[in-house]
Amino acid sequence: MLSRVADSLYWMGRYIERADNITRLLLVTEDFSTETQGLAENLAQSAWKDLLAVFPSAQMTRAVAPLAPLAVPYLHAFFLDAGNPYSIHFSMRKARENARSVREALTLEVFLAINEAYRALETYEQRGMPDLPAFRDALTAMQKGIFTVLGAIEQTFTRDEGRLFVRLGEALERLSRTTLVLRAKLPGLLAAEPRTDLPLYYTQWRTLLRSLSSLENYRKVYGARLEPNLVIAFLLFDSNSPRSLRYGAAALKECLEAISGPGGLTPPARLVGRLHADLCYDDEELMRRADFAGFLDHVAAELGKTHDALATQYFVT
Amino acid sequence: MKWMPETKAFDEAFDRDGPRQHYRPLVSILESFTRGEIERRERLQKLSLMDQGITFTVYGEREGTERIFPFDFVPRVIPAREWERLQAGLLQRVTVLNLFILDVYGAQKCLKDGVLPPELVLSRKEYKRELLGVIPPQRIYTHVVGTDIIRNGRGEYLVLEDNCRCPSGVSYVLENRNVLNRVFPELFTAYPVQPIRDYPNLLRDTLLHAASRGSERPVVVILTPGMANSAYFEHSFLAREMGVFLVEGRDLIVEDNHVFMRTTGGKQKVDVIYRRVDDDFLDPLTFRRDSLLGVPGLMNVYREGNVGLANAPGAGIADDKAVYTFMPELIKYYLGEAPLLPQVPTYLGFRPKDLAYIRDHARELVIKTTGDSGGYGMLMGPFASKKEIEEYVGRMRKNPANYVAQPLVELSAHPTYVDGRFEPRRIDLRPFILYGETIRVLPGGLTRVALRPGSYVVNSSQGGGSKDTWVLAPKHA
Chain A
1 MLSRVADSLY
11 WMGRYIERAD
21 NITRLLLVTE
31 DFSTETQGLA
41 ENLAQSAWKD
51 LLAVFPSAQM
61 TRAVAPLAPL
71 AVPYLHAFFL
81 DAGNPYSIHF
91 SMRKARENAR
101 SVREALTLEV
111 FLAINEAYRA
121 LETYEQRGMP
131 DLPAFRDALT
141 AMQKGIFTVL
151 GAIEQTFTRD
161 EGRLFVRLGE
171 ALERLSRTTL
181 VLRAKLPGLL
191 AAEPRTDLPL
201 YYTQWRTLLR
211 SLSSLENYRK
221 VYGARLEPNL
231 VIAFLLFDSN
241 SPRSLRYGAA
251 ALKECLEAIS
261 GPGGLTPPAR
271 LVGRLHADLC
281 YDDEELMRRA
291 DFAGFLDHVA
301 AELGKTHDAL
311 ATQYFVT
Chain B
318 MKWMPETKAF
328 DEAFDRDGPR
338 QHYRPLVSIL
348 ESFTRGEIER
358 RERLQKLSLM
368 DQGITFTVYG
378 EREGTERIFP
388 FDFVPRVIPA
398 REWERLQAGL
408 LQRVTVLNLF
418 ILDVYGAQKC
428 LKDGVLPPEL
438 VLSRKEYKRE
448 LLGVIPPQRI
458 YTHVVGTDII
468 RNGRGEYLVL
478 EDNCRCPSGV
488 SYVLENRNVL
498 NRVFPELFTA
508 YPVQPIRDYP
518 NLLRDTLLHA
528 ASRGSERPVV
538 VILTPGMANS
548 AYFEHSFLAR
558 EMGVFLVEGR
568 DLIVEDNHVF
578 MRTTGGKQKV
588 DVIYRRVDDD
598 FLDPLTFRRD
608 SLLGVPGLMN
618 VYREGNVGLA
628 NAPGAGIADD
638 KAVYTFMPEL
648 IKYYLGEAPL
658 LPQVPTYLGF
668 RPKDLAYIRD
678 HARELVIKTT
688 GDSGGYGMLM
698 GPFASKKEIE
708 EYVGRMRKNP
718 ANYVAQPLVE
728 LSAHPTYVDG
738 RFEPRRIDLR
748 PFILYGETIR
758 VLPGGLTRVA
768 LRPGSYVVNS
778 SQGGGSKDTW
788 VLAPKHA
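Chains as they are written, first to last, in the numbering used here: chain A, 1 to 317; chain B, 318 to 794.
This is chain A alone, in the form it adopts within the complex (with noise of 0.2 Å):
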């Protein structure tokens, strides 16, 4: 396919992965902050403030009634602000442009649930948003709208090579948050002291799996016992849960090895190739090691290599 093509394809799946992500994190967050801000005002302040490490070059440039609750700015910023590029509005807007720019690509149902979801952003935008449950009306509506564009995506697009470039954009983009989420929560949270104010503790170790819609997945290997180990070994190493490390690493490294076909491997099929060994073959003396920070660093660095490699390998034109 065309190289320009299987671009705006792969950013199209970056960028309603990338929506989705900060759809789920801004009702997460929500729901924490609205929970914790009275007990531990810090703590919500904290949870908002690492929104800003998952999406490191996000911008909150809206000035903010003094008296709103906390969330607002965040929820400003990162739901309806055109102009912060972490946005879902932005996001949308980045996916449907690529959409667009490759409609022939497409099949109907993919670009109208797009077209759909973005149009639904603007009313948002010119409604304004009241208060928080107007908040969190309209990102749980939009988290359906960005189900549906995955749905038809699933559905409806042919399993070609087209089809493979959005999956390798929705996986490398899924895999990065991930990555990054847990690199902004876990020194703090490993950091707690755990024994002065349980029940809180344990929230926040909800809250990290349900950021990354991992808490069902995570309760039915361990039940309900939230253990911070076995939580970091599920979300780094499950084989099984689509949020976990290991489980993006093989995706990607499928999706590559499916692009390339049979034959030599490229660059970046062996960058991805050497993460998902390490994630499989290496827990062990990772989770002996505990020095998460340096590995998740390390994962970070592969990542950004890895979108390198393939702008390299099938893009640039």
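To be clear, the hints were calculated from the coordinates, so they are not data collected in a lab.
Note that the Cβ used here is the ideal one computed from N, Cα and C, for glycine as well.
Misleading hints may appear alongside valid ones.
Mimicking DMTMM-like on lysine to aspartate or glutamate, the simulated pairs with C-alpha atoms at most 25 Å apart in a straight line are [unchecked claim]:
hint, chain 1, residue 1, chain 2, residue 2
1, B, Lys-586, A, Glu-161
2, B, Lys-584, A, Glu-161
3, B, Lys-584, A, Asp-308
Some chain A residues near chain B, calculated using beta-carbon distances under 8 Å [unchecked claim]:
hint, residue
4, Ser-3
5, Ala-6
6, Ser-101
7, Glu-161
8, Leu-198
9, Leu-215
For this one, chain A is given, so just place chain B on it according to the hints.
For chain B alone, kept in the frame of chain A given last:
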């Protein structure tokens, strides 16, 4: 529901005694709806257009503003016999347009025989002297033609202009039919409407036929200027409907005198380019050097016969408005036939006698520049202020050969739904003609409608909308 018949011009749907015969069922079905019902359907229709992104891009406003092309649900109905006459006239015309182009880039017999003045043709911007002697595969220049047709006060069909470059609008023809089908299915029950869905297949066949000799399974692509182009929706629509690649200039490269596209698997050869990019932008090495939309070296490949271009470069000479004036003579010259479709009488700025007439009668005339289309560069004398006329005529005097003028034709009017009533609005028609192994005309075409009351301007950029156009199937004997 109230119907307001047209008083000044030809009314497509009504004569003095009421609805014309072929409009009677339509009028009675529409009358059975309440206003509330019609408005509910209209909302559905607008939503459907917006959700599907059936839009065009407006230039000059905030960058890349997309608008829906307003659609009026009252269809235009063309009886079978009327259409047969129109179709025959279009076939004749397109045949001659192609013969004319072949001639002026070949032996130039028509110029030598004095059918039209050589300097009139050879001095046009659209005449590409670089292409003299370059004959396209299958000797076809005009693969896709859109000829604009209007009806005068007596209801006669007249040719207003031919578009031999990249006529657009066919995607709206197809989408209008889809939308009307969905939103007002009842309307179709009373009429044998000729189907049009097959157009993408026909277009594809036409393009495959434009391949140069010896391409086994020709690869066809559509070349678009990109997303910012006003007709981008159409380019992408046609690519999807035909199952071909939509490429931009930067996707193509020329190597070893062949055109390739850059793909994830390396380079792939391209055999036919349905280019929706103007001649001037096709190849910066041959035409405009500053073009970023084209492909350097493309014209060399074309000259070698290694790629088919549709429409062929240089075809624009045939839709020049000064050349148009000579179409009746050209039809006689090439085919020995009388023109089947009349056209609008035209005064040529090129002829001193005509020029004097244009100058003195500017207030009654529509004056146009010869190379422009889409309603640009035009003066509508009867609606212009004195100052506007003086300025325009002043510009014309500097380069009179670039101007033509025509009397204002009272375009026919068609009932159009406006705020709970059916009011007459001016319309035209752009049928699409495909020139492949044979010449075929898509039944109907794009009916554009001037939505502003009293307006004659149907262009989408200037307040125009469109309608579904029904050609009725001939009655079975």
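- prompt: Are there hints from earlier that the structure breaks, and if so, what are their numbers?
  reply: When the structure is compared with the hints, numbers 8 and 9 turn out to be violated.
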